[in-house]
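Trainee: Sequence:
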Amino acid sequence: MGLFDRLFGQESQEEKQVEVGEEVETHQTAENEQVAVVATNSDDSSAEGGEAVPLTAEQEAQKQRTLDLMAQYYAAKEAAAARVKEAQEKGFDPAIQTKPKEEPVQEIVQEVQESEQDKYQRTLKKTRTGFGARLNEFFANFRSVDEEFFEELEELLILSDVGVQVASTLTEELRYEAKLQNAKKTEELRRVIIEKLVDIYEKDGQFSEQINFQDDLTVMLFVGVNGVGKTTSIGKLAYKYKQAGKKVMLVAADTFRAGAVAQLVEWGRRVDVPVVTGPEKSDPASVVFDGVQRAVAEGVDILMIDTAGRLQNKDNLMAELEKIGRIIKRTLPDAPHETLLAMDASTGQNALSQAKEFAKITPLTGLVLTKLDGTAKGGVVLAIRQELDIPVKLIGFGEKIDDIGEFKSEEFMRGLLEGLI
869 MGLFDRLFGQ ESQEEKQVEV GEEVETHQTA ENEQVAVVAT NSDDSSAEGG
919 EAVPLTAEQE AQKQRTLDLM AQYYAAKEAA AARVKEAQEK GFDPAIQTKP
969 KEEPVQEIVQ EVQESEQDKY QRTLKKTRTG FGARLNEFFA NFRSVDEEFF
1019 EELEELLILS DVGVQVASTL TEELRYEAKL QNAKKTEELR RVIIEKLVDI
1069 YEKDGQFSEQ INFQDDLTVM LFVGVNGVGK TTSIGKLAYK YKQAGKKVML
1119 VAADTFRAGA VAQLVEWGRR VDVPVVTGPE KSDPASVVFD GVQRAVAEGV
1169 DILMIDTAGR LQNKDNLMAE LEKIGRIIKR TLPDAPHETL LAMDASTGQN
1219 ALSQAKEFAK ITPLTGLVLT KLDGTAKGGV VLAIRQELDI PVKLIGFGEK
1269 IDDIGEFKSE EFMRGLLEGL I
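Residue numbers for the sequence shown follow this note's numbering, so the first one is 869 and each next one is one higher.
Just so you know, the hints here were simulated from the structure itself, not pulled from any lab data.
Ideal Cβ placement from N, Cα and C applies to all residues, glycine included.
Hints may contain errors.
Derived lysine-lysine pairs resembling DSSO-like cross-links, with alpha carbons at most 30 angstroms apart [as the list claims (entries may be wrong)]:
#1 K1115 <-> K1276
#2 K1276 <-> K1108
#3 K1239 <-> K1276
#4 K1191 <-> K1115
#5 K1268 <-> K1115
#6 K1053 <-> K1064
#7 K1115 <-> K1239
#8 K1108 <-> K1224
#9 K1239 <-> K1108
#10 K1115 <-> K1182
If you anchor each label on the Cβ, the simulated ranges turn out as follows [as the list claims (entries may be wrong)]:
#11 V1164 <-> A950: 20 to 30 angstroms
#12 N1218 <-> E1190: 20 to 30 angstroms
#13 E1041 <-> R1002: 15 to 25 angstroms
#14 A1227 <-> A1165: 49 to 59 angstroms
#15 K1115 <-> R1058: 43 to 53 angstroms
#16 N1218 <-> A1187: 19 to 29 angstroms
#17 V1164 <-> G1113: 16 to 26 angstroms
#18 D986 <-> L1256: 39 to 49 angstroms
#19 T1199 <-> A950: 53 to 63 angstroms
Can you make the complete structure from the sequences, with help from the hints?
Mentor: Structural data, given as structure tokens:
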């Protein structure tokens, strides 16, 4: 089944889960009412001197579980009262106890977990209301399929940051489909437009959106210009992977920018993971070497390396990244296992230009798309897929520490196109 059919052709999993949940709830309510009626009848019969209605084996078991829970509750209550009394006898009043000192690394507030689908819906809200509203308004303004229709559609797609190439290709394909289907009304092409957008992710040359984790040590090299959220993404990932039970280590290889090192060190303190640093303006490759050696010696699962982003001096940056790569391969011939470019989605087509430049400097295995929640330019993902054939592997959902996750094209396209069909 294709991505388009999974998104729009099948009953959603949520609807199925709701139906199942309602059935379970109805069944359980009925059972509770039955037990209550039996218990009431039994009490009434006993009170009137009549013969008690015998309980079924299941009802007896339920009754016994209830009695056991009540016994546990009263036992715990008595134990708590005894502890309070003992504390008061020793001159300590629990009602005025002082607040314990907090450890500095425990700054993370646990909140109600938000589902991944909800995060995509929230993150893509601005993109959806911009792109979706424009497309719906476009169809409302046009009644017939003519050359003006296709010209206006191409302009709309370009303004939605899907890229000139995507807009041009899509418009030409729609012209062909319109002739093939002899389409006269715009509504006949609405579904075709959306299907073509989805098909961008199913063209030849499939790639994996999954992080290439190894059985032992996984080395992830992060590149990108300053200010796109690269270091912040590394910090959030460190928290995510540590919460998953992984042993994580960070390397601050942007040694010529003191602020970058300090920021990564602070993230390490917050999420309680070690950060390998070197003297200011030291050779980044030497810091990476120390980090790799230490990670191997200490049995680290995931090593993430933050690098410089001086794109204005491409020759020096290329030489620096090549040297870092050679240093890593001395110890781990197959590493780095991921070279990820962090990109600010809010910059739209500028992000695409940066991706093209970095792709010339070093081989990229994937992209980290940041700040998507604050922009209406999520269409740039389609442009990247079409023009560079580099997968988006990670996506930033917002500012909270857990607002980062693996990119899933199905969830992304659902969030982007919801409401258009």
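Trainee: Would you mind marking each hint as holding or not holding in the structure?
Mentor: Right, here's what the structure says about each hint:
1. K1115 <-> K1276: holds, 25 angstroms
2. K1276 <-> K1108: Since the Cα atoms of K1276 and K1108 sit roughly 17 angstroms apart, the hinted pair holds (cutoff 30 angstroms).
3. K1239 <-> K1276: Distance of about 16 angstroms is within 30 angstroms: holds.
4. K1191 <-> K1115: holds, 26 angstroms
5. K1268 <-> K1115: holds, 22 angstroms
6. K1053 <-> K1064: holds, 18 angstroms
7. K1115 <-> K1239: holds, 27 angstroms
8. K1108 <-> K1224: Holds - the C-alpha atoms of K1224 and K1108 are around 29 angstroms apart, at most 30 angstroms.
9. K1239 <-> K1108: Holds, at about 18 angstroms.
10. K1115 <-> K1182: violated, 34 angstroms
11. V1164 <-> A950: 20 to 30 angstroms: At roughly 53 angstroms between Cβ atoms, A950 and V1164 fall outside 20 to 30 angstroms, so the hint is violated.
12. N1218 <-> E1190: 20 to 30 angstroms: This hint holds: roughly 25 angstroms between Cβ atoms.
13. E1041 <-> R1002: 15 to 25 angstroms: For R1002 against E1041, whose Cβ atoms are near 19 angstroms apart, the range 15 to 25 angstroms holds.
14. A1227 <-> A1165: 49 to 59 angstroms: violated, 34 angstroms
15. K1115 <-> R1058: 43 to 53 angstroms: Hint holds: Cβ distance 50 angstroms, inside 43 to 53 angstroms.
16. N1218 <-> A1187: 19 to 29 angstroms: Holds: the Cβ-Cβ distance is about 25 angstroms, inside 19 to 29 angstroms.
17. V1164 <-> G1113: 16 to 26 angstroms: The hinted range 16 to 26 angstroms holds for V1164 and G1113, with Cβ atoms some 20 angstroms apart.
18. D986 <-> L1256: 39 to 49 angstroms: Given a distance of about 29 angstroms, which is not inside 39 to 49 angstroms, the answer is violated.
19. T1199 <-> A950: 53 to 63 angstroms: holds, 59 angstroms
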